[in-house]
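Each protein sequence line maps, in turn, to chains A and B. Everything in the first sequence is counted per my numbering, starting at 275 for the first residue and increasing by one. Everything in the second sequence is counted per my numbering, starting at 145 for the first residue and increasing by one.
These are calculated hints, taken from the structure and not from any lab test. Computed from a prediction, not measured in an experiment: that's the story for all the values here. For glycine and all other residues, C-beta sits at the position ideal for the given N, C-alpha and C. Mixed in with the good hints there might be a few duds.
Stated by the list, open to error - Below, in silico cross-link-like pairs of lysine-lysine (DSS-like), each with a Cα-Cα straight-line distance of 30 Å or less: (1) B:Lys346 with A:Lys589; (2) B:Lys269 with B:Lys335; (3) B:Lys335 with B:Lys346; (4) A:Lys589 with B:Lys335; (5) B:Lys269 with B:Lys346.
Claimed, not checked - To spell it out: a stretch of chain A is covered by chain B in this simulated footprint if at least three of its residues, at any positions, have a beta carbon under 8 Å from a beta carbon of chain B; those stretches are: (6) 474-483; (7) 563-570.
What the hints assert, rightly or not - Derived CB-CB ranges, DEER-like: (8) A:Asp566 with B:Val248: 19 to 25 Å; (9) A:Leu501 with B:Ala354: 56 to 62 Å; (10) A:Arg512 with B:Leu341: 57 to 63 Å; (11) A:Tyr590 with B:His221: 49 to 55 Å.
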Amino acid sequence: MPVRRLYRVADGRVVAGVSTGVAEHLAVDVLFVRLAFVLLALAGGAGVLAYVGLWLFVPQRPRDPSEPAGRRRADHESLLALAALALGLLLVAHLLGLGAPPGLTWPVLLGGAGLVILWRQADDDQRARWRAAAFRGRGASPWLRTLLGIALVAVGGGLFLAAEGQLRAAREGLIATLVVVAGLALVTGPFWLRTVRELSDERRERIRSQERAELAAHVHDSVLHTLALIQRRAEDPREVQRLARAQERALRTWLYRPRAAHEGTLSAAVERVAAEVEEGHGVPFDVVVVGDCPLDAALGAMLLALREAMVNAAKYAGCATVSVYAEIEPEQVTVFVRDRGPGFDPEAVPTDRMGVRESIAGRMDRNRGRAVIRSSEEGTEVELSMPRSLS
Amino acid sequence: MTAGASGGPGEAGGGAPGGAPGGVPRVVLVDDHRLFRAGVRAELGEAVEVVGEAEDVEQAVAVVTATRPDVVLLDVHLPGGGGAQVPLRVLGDLPDVRFLAVSVSDAADDVIGVIRAGARGYVTKTITGTELAAAVRRVADGDAVFSPRLAGFVLDAFSATSVPPADEELDRLSPREREVMRLIARGYAYKEAARALHISVKTVETHVSAVLRKLQLSNRHELTRWASARRLV
């Protein structure tokens with residue numbers, strides 16, 4: 275059983291996602307958690323300390339990549355919430371008479387705002403790392419926000435010193451400190467740069483080796499397995515061909531189809547049906563699909579009719595390959611199944627033969643679609659068309 | 145392209161040196177798999193004369209330049225820069241050499257890339273020997289060879305989008321061309337497509353060649369995107 279861990283949430287947070295995370299973990303309404311923090315905050319600031327502590331030590335929840343992009347509060351929206359919170363705290367403190375001396379209000383506010391920006395920035399960077407692709411295109415905004423945070427903290431500190439009347443006295447010390455810090459940065463700069471570069475190199479190498487391992491595992495599970503089967507079945511050419519085709523199809527899908535982007539659409543379904551019929555009857559299908567659209571009930575019925583047409587072609591045509599062409603247009607979907615078998619007379623099909631009459635034509639009719647069968651001694655073509663629902 | 149003065153109906157027959165109407169096409173096989181070359185050579189048999197083989201881009205350029213074949217059977221995935229490099233480097237000096245792309249890859253950018261580099265057709269490696277021989281002869285005669293899959297790509301790439309075409313003539317398929325592409329995608333041979341549309345095979349070939357030209361010259365954004373992913377533009 276997996277251990278349930280406490281996480282902060284990134285989506286839908288007001289300050290740092292602590293309350294929502296705790297509420298999710300304890301399975302209680304987030305309102306109660308927030309109230310608890312506020313009440314504790316009034317008890318000598320314990321709530322604030324607890325909140326900050328959790329912010330520091332509880333990790334943010336890694337984003338599940340399959341999840342659709344969450345509702346994330348816009349930056350200005352959550353900044354507004356933070357400002358309101360800060361203002362409220364100040365007012366309460368003022369009313370209770372335990373507020374700082376009036377000269378300190380601004381330094382504390384500015385410094386606090388800077389700190390909040392810096393900390394939230396750290397959270398955002400973490401998010402960005404999980405969304406691997408998000409690195410590019412983020413532009414200067416993270417840097418800008420970091421600089422803004424630092425500037426606010428510095429101004430806050432400066433104001434604090436000024437308010438205390440210590441600025442003059444502190445100036446010499448400050449300058450000395452600045453010089454030492456700048457010197458240290460210059461001296462150790464190359465070291466930091468190298469460390470950062472080595473870190474990113476190492477990460478790249480790790481990703482690469484993971485990909486290699488995944489590829490090796492896939493090749494082992496599929497291709498090597500099929501090759502072994504083919505060697506054992508070498509005397510049965512039909513079976514060997516079937517194995518080879520099935521493997522080729524699987525590998526092709528794996529190599530050229532964008533992962534996950536493809537499930538639940540008509541083109542994927544047509545190819546899946548073709549693969550199944552091919553697997554079952556040992557006749558290769560040449561599938562071409564133009565355009566794509568999501569599946570619905572009528573298209574599901576169309577797929578069943580298509581499958582029946584494919585099975586018929588595979589069973590009775592006795593030819594090398596069967597062509598399947600599907601075209602998805604804005605108003606309708608059309609599929610053609612064409613074989614080069616001996617052909618048959620659609621009118622002469624006995625009524626008790628369910629295949630053509632019921633499974634293909636009937637199914638299409640019931641869903642406002644249409645089935646046309648053309649057959650001659652040069653082959654048979656089944657044309658299925660279905661208007662697309664206006665949704 | 146011949147000068148306007150020489151015009152007249154016999155352009156395709158008289159154009160290529162060595163492609164005499166009676167003789168078999170002279171062919172160079174370019175593929176990095178020796179087994180595949182041997183298989184193709186055996187399958188084509190008497191239908192063509194194989195005058196050379198090559199297994200990477202450098203060798204292919206050298207062999208084609210030396211032998212001046214009618215048709216080059218070109219693997220799309222070739223070591224040394226990809227199959228598209230060969231027509232790009234050869235066609236400038238030898239515009240009469242025809243390239244037919246052969247590939248196991250169905251990836252649109254691969255196929256479109258090599259067509260845009262100058263190949264006159266595309267077939268998959270699973271094609272039968274007789275079909276391949278017919279495709280070689282067709283390309284040797286100066287026509288274009290479209291497999292159902294390539295026709296599908298073309299329909300996809302030229303399908304109606306909100307983006308207005310930059311070049312009305314190159315960026316759109318005519319209704320007739322679209323009709324021909326649909327029939328090819330449905331698995332019809334040129335002859336069958338001609339019968340279905342009540343036109344001559346020659347007219348079908350003209351339409352297909354026109355589509356090939358658009359495919360090579362159009363700057364439609366889909367084509368550009370495919371090609372630029374392969375740095376071919």
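Hints, verified against the model:
| no. | hint | result |
| --- | --- | --- |
| 1 | B:Lys346 with A:Lys589 | violated (35 Å) |
| 2 | B:Lys269 with B:Lys335 | holds (22 Å) |
| 3 | B:Lys335 with B:Lys346 | holds (9 Å) |
| 4 | A:Lys589 with B:Lys335 | holds (26 Å) |
| 5 | B:Lys269 with B:Lys346 | holds (27 Å) |
| 6 | 474-483 | violated (count 0) |
| 7 | 563-570 | holds (count 3) |
| 8 | A:Asp566 with B:Val248: 19 to 25 Å | holds (23 Å) |
| 9 | A:Leu501 with B:Ala354: 56 to 62 Å | violated (44 Å) |
| 10 | A:Arg512 with B:Leu341: 57 to 63 Å | violated (37 Å) |
| 11 | A:Tyr590 with B:His221: 49 to 55 Å | violated (38 Å) |
The structure fails to meet hints 1, 6, 9, 10, 11 from the earlier list, while all remaining hints are met.
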